[in-house]
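J.: Next come the chains, spelled out residue by residue.
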Amino acid sequence: MAEKELMLGNEAIARGLWEAGVKVSAAYPGTPSTEISEALVKYDDVYAEWSPNEKVACEVAIGASIAGVRSFACMKHVGLNVAADPMYTFSYIGVNGGMVLTVADDPGLYSSQNEQDTRLIGRAAHIPVIEPSDSGEAKEFAKLAYEISEKYDTPVILRTTTRLAHSQGMVELGDRVVPEDKPYSRDIKKYCMMPASAIGRHHAVVLREERLAEDANTLEINRIEKGDNKIGFITSGIAYQYVKEIFPEASVLKLGLVYPLPEKLIREFAESVERLIVFEELEPFFETEIKAMGIKCEGKDLFTLEGEYSANLLRKALKGEDVATKGAEVPNRPPILCPGCPHRSTYYVLKKLGINACGDIGCYTLGAVPPLSVVDTTVCMGASISTLHGFEKAKGHDFAKNFVAVIGDSTFMHTGINSLVNMSYNQVHGTVIILDNSTTGMTGHQDHAATGKTLDGREVPAISIYKLCKAMNIENVVEVNPFDIEEFERVVKEETGRDALSVIIACAPCALLKGQKFPYKAECDKDKCKKCGACLKPGCPAVTKTEEGYIKIDETMCNGCGLCTKLCKFDALKLYEV
Amino acid sequence: MENTTKNIMIVGVGGQGTLLTSRILGSLMLDAGYDVKLSEVHGMAQRGGSVVTYVRYGEKVREPIVEEGQADVLIAFERLEALRYAHFLKKDGVLIVNDQRIDPMPVVTGAAKYPENIIEELKKKYTVYSIDAMAEAKKLGNPKVFNVIVLGMAARYLDFEEEEWLRCVRAKVPQKLIDINVRAFKAGYQSV
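Sequence order for the protein chains is A and B.
Everything in the first sequence is counted per the working numbering, starting at 1 for the first residue and increasing by one.
Everything in the second sequence is counted per the working numbering, starting at 1 for the first residue and increasing by one.
Simulated from the structure, these hints should not be mistaken for lab results.
Heads up, a few of these hints could be off.
What the hints assert, rightly or not - Here are some of the chain B residues that sit facing chain A, going by a computed Cβ distance under 7 Å:
1. L38
2. G58
3. K60
4. G69
5. D72
6. T109
7. G110
8. A112
9. E116
10. G141
11. P174
12. L177
Claimed, not checked - Label pairs and their calculated CB-CB ranges:
13. D35(B) - G307(A): 46 to 54 Å
14. R170(B) - K514(A): 39 to 47 Å
15. D35(B) - D301(A): 49 to 57 Å
Claimed, not checked - List of simulated lysine-lysine pairs, BS3-like, C-alpha gap at most 25 Å:
16. K514(A) - K144(B)
17. K91(B) - K319(A)
18. K42(A) - K172(B)
19. K138(B) - K514(A)
20. K138(B) - K526(A)
21. K172(B) - K517(A)
22. K144(B) - K326(A)
23. K90(B) - K552(A)
24. K517(A) - K470(A)
Backbone N, C-alpha and C fix where the C-beta goes; we use that ideal spot for every residue, glycine too.
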């Protein structure tokens, strides 16, 4: 019997890539896709890297494919927007070595800024999309994706969702089989997309898609599970599991290839059941296509367009059973910056000065909510700097000087650089604060070009953010530690007071970063505490009040940054060594 | 087939170790020959927010999540989180709760009040076993192992031998912390 292991969907995909003989992988971290790269790099004989952003990652994988090996890129759903430019055209080019990208959607918005549905991009870019429904399938589908890619001369999207990516299930392990490298030969009609070549390739895409749509009718991963003919479900991915949970006896057409769709198979299935229901999270993607075939079905008239689905949702909509007992009314527990987080110190000072921020994507987005309430806008990776730029152009410097841009080091390297170049080029005045915590924090500590370490753990020369800014002709670039609140306040006042473009690099490592932890904890001397509450202002979860109103530091939570001790005028809070 | 699947939920505050606990449970069920699915929370919600992980095991497990009214065992690492998720329990389900209070930000800022007498209230509706695992963990010399103490207590209400549990604890915690975690598990196991 084959060896079995419990694996996250993401770990299973990495295993599948390794078994498929993938040689080159590139990605930028993004929940819920990050663990694929982290698992893949542990296997021998695969080159896996962190790239600065998804566009670059895709282009690395495209290069590897054209050169003739199996290659891979992965990203969260919004990452595909960044990578859309190369992917739409690589769809025309097709592959030499197979090329697959995993795109992880986030129904339910566990860690994202929108709920877009990648299947729609697959259709728009004419890239086939396959979708597994558990860890076991995730591994098998990753391998199958390469067969489809090479057989039909196309990149393939392996679509996952948060629930699949972060659920563990059984995976049967197989061996690695590396196909022979394909020879590279110059072929500008295929690889060089100028108009004359692209005209021909567009035609090839049309023919390819027709062929794949036809073959989809007999593809093994599109299967009819015959059951009771009163009700039939068309479904895919994690939604399939909910159907099987609630309607184990129903007929199901389980789609593994979710674009292009198998029209004959769908017709055959539709004719075999009395009532046809499409059960799919997010967009009515199947439903719209199926209705366009002239087939009657139900879908979004029964189920929501928003959020994550569940078995209870299905039970309620179709059986009228509402088993969901209501929970108690309790205070929310929203995510917050960790104890010891340097962003808290930065926001504390900005708030004190009455400065608000155009924000970006990372842990520091949490500066939008009370008690900090500094971040006003969040759009996408890199947008903070260009949003500030827009503020200044719309209403002038007097309006814009009440704002700064805040962006993390990893996000700055991702797409912040372009925006800062633009501010410098167009002579826009304003202050950009780069929150340099020496890591990609939100996704769980990944390295990037400015940390000096690669995905596979090699030490490399770190790119200096300071020098990068200087190279953009920005005269005022200051590095300062945000925990030094007096100096930080002075610098912020000085830089935001200028009629110029300036950059403040707030340097202090993430409180949870290995080897960077403060060797202290704070404690409160009750005899000195005047219950003034000054230390509560930054909203550190380790600092709370006792019932008598004194300050209490939770020693298990405190990470020893000392911010609270600096805010105490009565010397009641002190750090002790641990 | 549906009702042969057992459902366990672990809830707490981001950073309390719900992931480690669910993974120990997962490896236990796997070794016992069950089909297993776990569902976890990563990313933004982990930053001090309310987190929940699911463990389901049985002959054939379909959906990876546990829904309202379906949990056989609910393990809560914090009182308020116990209250938040208690309605996920089945009528005859068991609630194991670590008697600890961690104020969420709306309570810290004064926008909301931390509910009083949570455990007493929960006992009126559910079968509840509580433990001050943090105090026990401090006695052992490492407050971080409180979660394994709670797991040890929960183990009393799941059908596996102590030795099987300990094997999985040893397999899932870092090498240099095996000893303290084994002691923590035993402390929880023997507290009942």
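J.: For every hint, state whether the structure bears it out.
T.: Taking the hints in turn, this is what the structure says about them:
| no. | hint | in the structure |
| --- | --- | --- |
| 1 | L38 | holds, 4 Å |
| 2 | G58 | violated, 12 Å |
| 3 | K60 | violated, 9 Å |
| 4 | G69 | holds, 5 Å |
| 5 | D72 | violated, 15 Å |
| 6 | T109 | holds, 5 Å |
| 7 | G110 | violated, 9 Å |
| 8 | A112 | holds, 4 Å |
| 9 | E116 | violated, 11 Å |
| 10 | G141 | violated, 13 Å |
| 11 | P174 | violated, 13 Å |
| 12 | L177 | violated, 15 Å |
| 13 | D35(B) - G307(A): 46 to 54 Å | violated, 27 Å |
| 14 | R170(B) - K514(A): 39 to 47 Å | violated, 23 Å |
| 15 | D35(B) - D301(A): 49 to 57 Å | violated, 34 Å |
| 16 | K514(A) - K144(B) | holds, 17 Å |
| 17 | K91(B) - K319(A) | holds, 21 Å |
| 18 | K42(A) - K172(B) | holds, 18 Å |
| 19 | K138(B) - K514(A) | holds, 24 Å |
| 20 | K138(B) - K526(A) | holds, 22 Å |
| 21 | K172(B) - K517(A) | holds, 24 Å |
| 22 | K144(B) - K326(A) | violated, 33 Å |
| 23 | K90(B) - K552(A) | violated, 37 Å |
| 24 | K517(A) - K470(A) | violated, 30 Å |
Hint compliance for this structure: hints 2, 3, 5, 7, 9, 10, 11, 12, 13, 14, 15, 22, 23 and 24 are not met, and every other hint is.
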